[in-house]
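A.B. asks: Each chain, letter by letter, is given below.
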Amino acid sequence: MSNRVLMKGNEAIAEAAIRAGCRHYFGYPITPQTEIMHYMALRMPEVNGVMVQAESEVAAINMVYGAAAAGARVMTTSSSPGISLKQEGFSYIAGAELPAVVVNIVRAGPGLGGILPAQGDYFQATKGGGHGDYRNVVLAPASVQELYELTVEAFNIADRYRVLTMILGDGTLGQMMEPVLFRDEEPVESFDKSWATTGTQGRREHNTIQSIYIEPDALERLNSNLQAKYRRIAEREVRVETVNCDGAEIILTAFGTCSRICKNVIRQAAEIGIKVGLVRPITLWPFPDQAIAAAAGQPSVKALLDIELNAGQMVEDVRLAVNGTRPVHFHGRTGGNLPTQQEILDKIQVLARS
Amino acid sequence: MEEKVFSRTRGLTGKPFHYCPGCTHGIIHRLIAETLSEMDILDVTIGVSPVGCTYNNYEYFACDMVQAAHGRAPAVATGIKRVHPDSMVFTYQGDGDLAAIGTAEIVHAAARGEKICTFFVNNAVYGMTSGQMAPTTLLGQKTTTSPLGRSAAVQGYPINVSEMLATLQGAVYIERVAVNSVRNINRAKQAIRKAFKVQQANLGFAMVEILSTCPTNWGKDPVSALKWIDEAMVKQYPLGVFRGQEIEVGD
Ligand SMILES: Cc1ncc(C[n+]2csc(CCOP(=O)(O)OP(=O)(O)O)c2C)c(N)n1
Ligand code: SF4
Ligand SMILES: [Mg+2]
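These protein sequence lines are chains A and B, in that order.
Using the working numbering, you'd call the opening residue of the first sequence number 1 and step up by one each time.
Using the working numbering, you'd call the opening residue of the second sequence number 1001 and step up by one each time.
Worth flagging that the hints you see were computed from the coordinates, not collected in a lab.
Using N, Cα and C, we set each Cβ at its ideal position, and we do this for glycine too.
Hints should not be assumed to be uniformly reliable.
[To be verified] Negatives, chain A to chain B, calculated, CB over 10 Å:
no., residue
1, G21
2, V50
3, E55
4, V58
5, A67
6, A68
7, G89
8, G113
9, E178
10, L181
11, D192
12, E241
13, K263
14, N323
15, P327
16, L351
[What the hints assert, rightly or not] Footprint (simulated), chain B over chain A, 3 or more residues, beta carbon under 8 Å:
no., region
17, 114 to 125
18, 220 to 232
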C-alpha cells in the first residue's frame, strides 16, 4: 500500500525522518530549510517525539551527539553557515562512531552569502570540513521523491556503519513542490545498539562513548578501524544514475538540481543530432568513480562536461575518475544563479565540433 | 572486633586518579560517586565528561559516560536526557569549559530547565593547559596568560556563574560550595545529593558550583591552596544557595 501526496521538499525530508523512526530532532532556524523545523515542531509531539530548538548549530549538533550516544535515531538540519558551525560535532561523531543524520540545504556562499540555491559546500561535505581523518556518507537527491527516499536510507546507512550520513540538497529542492509516493510503512531495519549509553540498568558493565585516545597506538587502532569501515562503505554503498550514456559523444556529470537541467539538455541535444549522456552521482561520498570511468572510457566519447552550482568542486573528483583518458570541462554558476539549458547546450556544441 | 568505617564507594571504578597532589578534583569525584551509590541510581545514571583535567573521568565513574567536546557537555546532556527522560544525567565541567567556551550551552540548558545536574568545578584557572587565565580568575591573580596579575582594565572582571544562572527561571537549584575543609566537604556532599534529588523529582536544572584547588598552577603547596580558597576565592565567590533554598529533599 502507498499513497501519493503533493509536498514541499523540506517537508518530505521531515516526514521521511519520522517514518524512518527518528524521534529526536535538534535544530536552529536558517533559510532555506526552516520548514523542516516547523514541520518537526508540529509532528514530533504527535508521535511522542522531541524537537528542541537549540541556541546555536553548535549546540544542536552536540545534542545530536548526546542523543546518538544514548542510542536514538536522531537528525539535525541546517544550511551552509549553520553547517560550518556543526563541523566540530561532525568530527566528534566520526571519532566516537555515532550514527546521525544531517541535512544541508545548501545556499550560496561564502560568508553569509545569499539564500538562493548553490552547491558550493561540495568540498566541505565530501572532503571533511572538521578536523581529523574521517568521512561522512553524502547523499545528493534530485527530486522531492528522492529527498524522501534517501532520508529514510540515510538513517539505515548511519546505523549500519555507525557513521554520520548527510543529505546534501539545495534551496531549489527544499522549496519545490512535487508529488511524493509514500509507502505505508518504511522498511526500518533494527540494529544492535548494545554500545549505547542508556544507563547500565544493572545488566552490563558500563559503556563509554569517547573520541579521545591519548595512547598513540590506541588512536591509530581507531583510525585503522575507521578506514576499514570507510572502505566497506565505498565497496557497498555507491549509488549512481546514468542516463543515455551508451554510445554518447559527450558525457555530462552533475548532481542534485543541476542534473535535472542536464536531463532536459540531453533531449535538446538529441534534437540537433548530438548524443549526450549523463552520469549523476547519488552518493557524493563514496564517489561513483567506476561508473564515470566506464562512461568516459567508451570510444564514442569526445569529452566530459561537468555542471555545478559552484566554481568547480565535484569536477576535481570527475577528473580523478577519468584519470586523463578524456578532457573534462566545467561549466558552473554561483551566487544563486542556475545555468540555463542554452548555456549548457552551447558548450556541448563547441565540444562536439572539436 | 574490627569495624570497617570507610571503604571505596562502588560509584568509582577503582582506577587510581591521575590528579596532582593536593588537587581536590578527586574529592569531588568521590562525593558524586558516593551520592550515586547511596541514592542507588548508579545503574540509571549517564555522566558527561568535559574537556579539562577531568576529561577522562569516564574511567573513574562506574556508570555509563559520554565524553563531550570542550564546553558542550550541557548540550550533550540535553540530547541524552531527552532520549532517556527517566535516567539521571549529570555533567562535570571546569570553569574554562563551562564559563568560557561553553557559556551559551550552560545558559540555555539552564534556561530550558533541562532536568540534568551540573557540577561546575571552579579552580580559577585552566588547569589542564597549564594555568591560563579563566573567566573565573580573580582580579590580581597571576596566571600564565595574565602574568602581571588580572587587571580589570585589561582582562575585565571574573564571572560569578552561580549568581548569573540563578536569574533564570529554569534553574531551580543553584548552590556554591567548597571542598577545602571537612565541614565544607560535608556541605558539598549535601548539595550534590540535593541536585540529584531535584532531578529525580523532575523539577528542573540544578547546578552545584564547587570551589576547588589547583596547587600546581596556583604555585602553592596543597595546604596553602586549601587556605587560599577561604582567603581569596570565597571573597569573590561567596558560598551559599542562590536558588532553591526552599526546596526540601527527603532522605
Ligand atoms: C575546542 C578546544 N579548544 C581548546 C582546547 C584546549 N583545552 C583543553 S582543556 C582546556 C581548559 C580547561 O580548563 P577548565 O575547564 O577550567 O578545566 P580544569 O583543567 O581547570 O579542570 C583547554 C583550553 C580544546 N581541547 N578544545
Ligand atoms: S593541573 Fe590543577 S586542576 Fe589539574 S589535576 Fe593538577 S592540580 Fe588538579
Ligand atoms: Mg579550571
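A.B. asks: Where does the structure disagree with the numbered hints, that is, which hint numbers, in rising order?
C.D. replies: 2, 3, 4, 5, 6, 7, 17, 18
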